[in-house]
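For the record, the sequence lines run as chains A and B.
For the first sequence, our numbering assigns the number 1 to the initial residue and increments by one for each residue that follows.
For the second sequence, our numbering assigns the number 1 to the initial residue and increments by one for each residue that follows.
Hints are computed from structural coordinates only; laboratory data are not their basis.
Treat each hint with caution, since some may be false.
Claimed, not checked - Cut-off 25 Å, straight-line C-alpha distance, at most; resulting in silico cross-link-like pairs (SDA-like, lysine to any residue): (1) A:Lys47 / A:Asn63; (2) A:Lys47 / B:Lys13; (3) B:Lys47 / A:Ser36; (4) A:Lys47 / B:Glu332; (5) B:Lys13 / A:Ser36; (6) B:Lys47 / A:His107; (7) B:Lys13 / A:Asn63.
Protein chains: 2
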Amino acid sequence: MTESPTPVSLRVKPGPNRLAVTGIGNAMLDIISQDSNEVYRQLGLVKAAMSLIQEDQLETFFNAMGPTIQMSGGSVANSIAGVAALGGTCGYIGKVADDDFGQRFTHDLTSMGVEVDLAIAAADEGATGRCHVFITDDAQRTMATYLGASNQLRVSDINETLIARSEITYVEGYLFDLPPAKEAIRKVVNFAHDYDSMVALSLSDMFCVDRHRRDFLDLVTNDVDVLLCNETEVCSLFQVPTLEKAFNALEELGILAVVTRGPAGADVLTVTGAVTVPAHEVEHVIDQNGAGDMFASGFLYGLALGADPVESAELGSLCAGEIISHLGARPENDLEELAIEAGLL
Amino acid sequence: MTESPTPVSLRVKPGPNRLAVTGIGNAMLDIISQDSNEVYRQLGLVKAAMSLIQEDQLETFFNAMGPTIQMSGGSVANSIAGVAALGGTCGYIGKVADDDFGQRFTHDLTSMGVEVDLAIAAADEGATGRCHVFITDDAQRTMATYLGASNQLRVSDINETLIARSEITYVEGYLFDLPPAKEAIRKVVNFAHDYDSMVALSLSDMFCVDRHRRDFLDLVTNDVDVLLCNETEVCSLFQVPTLEKAFNALEELGILAVVTRGPAGADVLTVTGAVTVPAHEVEHVIDQNGAGDMFASGFLYGLALGADPVESAELGSLCAGEIISHLGARPENDLEELAIEAGLL
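This is chain A alone, in the form it adopts within the complex (with noise of 0.2 Å):
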């Protein structure tokens, strides 16, 4: 405990009536296996990227996988289990169809405490979203995604009450891939300004960058104050070959930004310079899925609590540390436990 550079007492929990934060994005099951570099390969998969498929598609890449596992996932959606999972309060905004996963996704939330917002999609609007994850040996995840009803989020499906009530807004940026969402984002960031909650954005993923750069580039210059990228992600974003470059282009912004690095850690940006937070040590790496998901959880919960951002990202770095060390991107030990353990809570 002494070796944190903060008094736990200096971290102030949201009042009673308060969110840390709230969530929005892509309500998804995930689909897991652990298979070899061939299979995604065969089906046409670019490594540790997202790619898009549809309904008709979604026979051949089951049958394709390994053995699997299913549980809640979603980018944004596990960020809210990992705020859950460390004691914090939080919402969450998506849709998801009236089926057996749509039932699964909001129960695994609902069940943490998590106060959901999920509008039921209608008939023929598509199957709750599903993203089949292959695992492969170096512990990568490369993923194919169905989004299904998830697609379907409207302006209609924005609660208010949530937002104002949230510390922090976080906006997924896989939300760019759904065309009427797009309205849905400019909603839910001017409810956030407009309620004083800090609008927190997550690049998601390389391609989906490079396929929405401009709105990305619009909304990271006048509305985000905490951007969550990776290396290749904030790369994508500025159109640079270098981090040097990206550093140059987020200093500029003036904003606050994370960019993780896997095993080299965490880059955090503020206007006083950049600190490099190193990763959490792990024995044995087994699934890498979740990992930049479950650091947000925790920079964002200790920015929340009114922690710095380098302790935030210490507090990202442990988790990002849980999540690695077992298949799946939601906790299976108690993160809440292991912070304070950790002295950062």
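Guided by the hints, dock chain B onto chain A, whose structure is given.
Just chain B now, with coordinates in the frame of chain A:
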């Protein structure tokens, strides 16, 4: 490698058309959550045991759970998945419904190379079986099982060819909870005798033994070559208060038996006496669910390769160690690689 008591070359893989092990059991999907002791107590479950529930209780049990992970389960099916993960050829006989759970169960075994013969239940015979697994902080698992379609296993569902090709036929004790399955077990055992396949039996659960003691004793006395059980199950079988007395009873039967005792290791009883094989050291035990099943994988696969019982138990111990280090009863790591590294294959 030099620590291995037997050179690897003595292990003989079954011929190209032969199978190391064919299992017959309840085909189940596991729905797993990490919960406090309070949750299963309120549901009236007995800790660390398996209770049967009915279809109209499914919603109540699911709603009471924390965030869930779903994956294929079923005690003997887990063992067969473990044998496949060790590189062994194997078969599986059971019954599912024509639903999403049934398709996933089938996929998860066939994608590992297991030859499955899964009968499909009629539409009015219930959904695919599922087991609600409550994991508590002490890594114990408490189970509530809906048998559903697995309950409908009939004599006509037994695939003679799979048994005829197998070194070992592995029967799940839980099958005795299905009245029509008793006749099916009889047929399985007769086939196994006809084709010189060793008959291995798992006692499954102390309460299951209690419900069907006479049937278990008949089978153990007259048909079983290899008995797999834990302390409470074997004491329940012989209605004796101590493990020592159970050992005496087993000695009189003169069969090969292995009694798993969690962190205390496993006792292997052969005609020449008892040997204790220590448990594999695990840094952080998350979930004991599947420990017995995975022990059986290594133990039976060792026997099928011609390893002696103690060496086979060492392989079992290695597999059990892998499974308790994470959530779920199917292996996440490459068991064959782990076993080769340990000089056990």
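Going through the hints against the structure:
no., hint, in the structure
1, A:Lys47 / A:Asn63, "19 Å, holds"
2, A:Lys47 / B:Lys13, "35 Å, violated"
3, B:Lys47 / A:Ser36, "39 Å, violated"
4, A:Lys47 / B:Glu332, "20 Å, holds"
5, B:Lys13 / A:Ser36, "24 Å, holds"
6, B:Lys47 / A:His107, "24 Å, holds"
7, B:Lys13 / A:Asn63, "29 Å, violated"
Hints 2, 3, 7 from the earlier list are contradicted by this structure; the remaining hints agree with it.
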